[in-house]
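S.K.: This is what each chain is made of:
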Amino acid sequence: MAAIRIERLSKTYRAGWNGKETTALRNLNLEVQEGEIFGFLGPNGAGKTTTIHLLLNLIRPTVGAAYLFDCPATETEVHRRLGYLPETVNLHDYYRGRKMLEFYAALARVPPAARSSRVTELLKLLQLEDAANKVVARYSKGMAQRIGFAQAMLQDPDLLILDEPTSSLDPVGRKEFRDILLELKQRGKTVFISSHILSEVESVCDRVAILQNGELKRVGTLEELSAGRMVRLIVKSLPAPVVEALSATTAQVTLMQGQITIRCPDEATCGEIERLLEQHHVEIAHKETEAQSLEEIFFSSINQPPRL
Amino acid sequence: MKTISLIAADSIRGLLHQRLLLGLMLACLGLTVFFSIALAKTRKNITSSFSDGKGGANMSTVTNRMSETEQRQFRESMENASSMMQAFFYQVASFGGSLVALFIFGTAVSSEIRRGTIRLTLSKPVSRTQFLLGKYLGGVAVMAGYAVIATLAILVFAQSEKVDLSPAMNWAPWLMFCRQLMLGSVAMLLSLFFHPIIAAVLAFAAGNGLCSTSNPLYYILPSYQDFNVFFQVFQGTLMHLHDVVMLSLYALDFVVIMLMLALWRFHRKELVSP
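Here the protein sequences come in this chain order: L and D. All residue numbers for the first sequence refer to numbering that gives the first Met the number 0, where the first residue is 0 and numbers rise by one. All residue numbers for the second sequence refer to numbering that gives the first Met the number 0, where the first residue is 0 and numbers rise by one.
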């Protein structure tokens, strides 16, 4: 069974008095299987958070539908199997940490007998024992994110939807978070992570989807996405007209230790460049495909060079 | 029902932690007591003005030495002062309560949306209906608390000033409470369309005699005025149970209709901004 199924989902916002339309999501189709850790990537404004808000029924789709465990996302009862951590954790600031978790545990229908022990367990897991009786208004950003993560895990959900879960965590916190995710994966839980931290996604995710301008650019495992993608051509010389022609493509040319390397982001571009070299009688000394890092996959998918 | 009561309890907790609201409630009750003290002084001035030249400040001594006409004038003046004191007490408590109700109900849902706290709550198995009803019930509980405190204040004050309560005062707190719930339901509905301040102003203006009976809107807009018993308290008029029941039913109907409209709107509302 798919933990998340998104069918032809589109979302257009109307803003202002003139009702100016902004399309945040276009015809998104996606499936996340149970037990997967799924990375949801994209630059700012790509539509990641909009997708999450649609899954949580906080906003209504313009077209299409979303399903959680084969139930429409609009069904409240399916939220018994769901945990959610928003990008910015806004807490009811009049609670103390423990009391707040107990309130959310009651809402999540954790049985009263198990509530206190579950809250204690999560406070311990997320290193918040010392802050348990502190008013949450006094929590640092990192602590707020930790307690937000704790509330998401209260009912031991089958599906966790995490929006930028480590944005406020320090490196130690990120490491702990990764360990928790891997432990959840071992227990067969499904995790849907939207993140900007590519290395983090790369280290834990089974599959990723890359979104840009509300459109799904690519989806698959890291192996599928990187296979045969980046091609490296090594040439001995490069005449000026070829250099000029290459500057108009997405290929990158580097000169290192007398060796000229042309890095083609994909096979189609590589084909074009090979034809160009052939026209100018440039001999290709060596050709190789290289496995791409998630960062390279990401930037090639959104047609932007990596930022230095 | 359990979820609704959890949301309501959370709402009460949140409201009691709002310094602005607590300040507003204390200011209202403080003003009420201030007016009452001022009127009590007026009442004492009447006594002393009648006692001038009658050889004593003791009321029975004073009245014994008055002529029949003077005694009647004195009693009327004293009753007028007592009624006015109670009427003002009621009016200030009622107006203050209305402000508190507008604040509570106008911000109950909209502040959760604005602050983003609604996202965590609705990510749990909580429907939008349960959320809105819980928020409304939380507000009802706080307004009930306000009505109880205001009632206790008038009782204590009447006792200390040895004033007989006007017959209309028996029902005045209940009708004040009903009026505030009506006002609150309108404010909550409008806050789902407009900024809470605009919603509060519109909700207050909607039923405060802006339309005459010749205007069709009169039959749609709430009739808050019917719940204002200032003149009945002042004139010492007896209120019939039948009238109170009819007004209560009207308030209940009105609140139910407003809540249904609010639910309809809330179910269609985008709970996060793009």
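Keep in mind that the hints were calculated from the coordinates and are not lab data. The reader is advised that the hints may include incorrect statements.
Label-pair ranges, simulated between beta-carbon atoms [to be verified]:
hint	chain 1	residue 1	chain 2	residue 2	range
1	L	Val-62	D	Phe-94	17 to 23 Å
2	D	Lys-268	L	Pro-71	48 to 54 Å
3	D	Lys-268	L	Trp-16	16 to 22 Å
4	D	His-194	L	Thr-73	26 to 32 Å
5	L	Gly-141	D	Ala-37	51 to 57 Å
6	D	Lys-268	L	Glu-266	33 to 39 Å
7	D	His-194	L	Val-134	25 to 31 Å
8	L	Lys-174	D	Asp-252	55 to 61 Å
Note that CB positions come from ideal geometry on N, CA and C, so glycine has one too.
S.K.: Hints first: check each against the structure and report whether it holds.
M.R.: Tested hints:
| no. | hint | result |
| --- | --- | --- |
| 1 | L/Val-62 x D/Phe-94: 17 to 23 Å | violated, 49 Å |
| 2 | D/Lys-268 x L/Pro-71: 48 to 54 Å | violated, 18 Å |
| 3 | D/Lys-268 x L/Trp-16: 16 to 22 Å | holds, 18 Å |
| 4 | D/His-194 x L/Thr-73: 26 to 32 Å | holds, 28 Å |
| 5 | L/Gly-141 x D/Ala-37: 51 to 57 Å | holds, 55 Å |
| 6 | D/Lys-268 x L/Glu-266: 33 to 39 Å | violated, 48 Å |
| 7 | D/His-194 x L/Val-134: 25 to 31 Å | holds, 29 Å |
| 8 | L/Lys-174 x D/Asp-252: 55 to 61 Å | holds, 60 Å |
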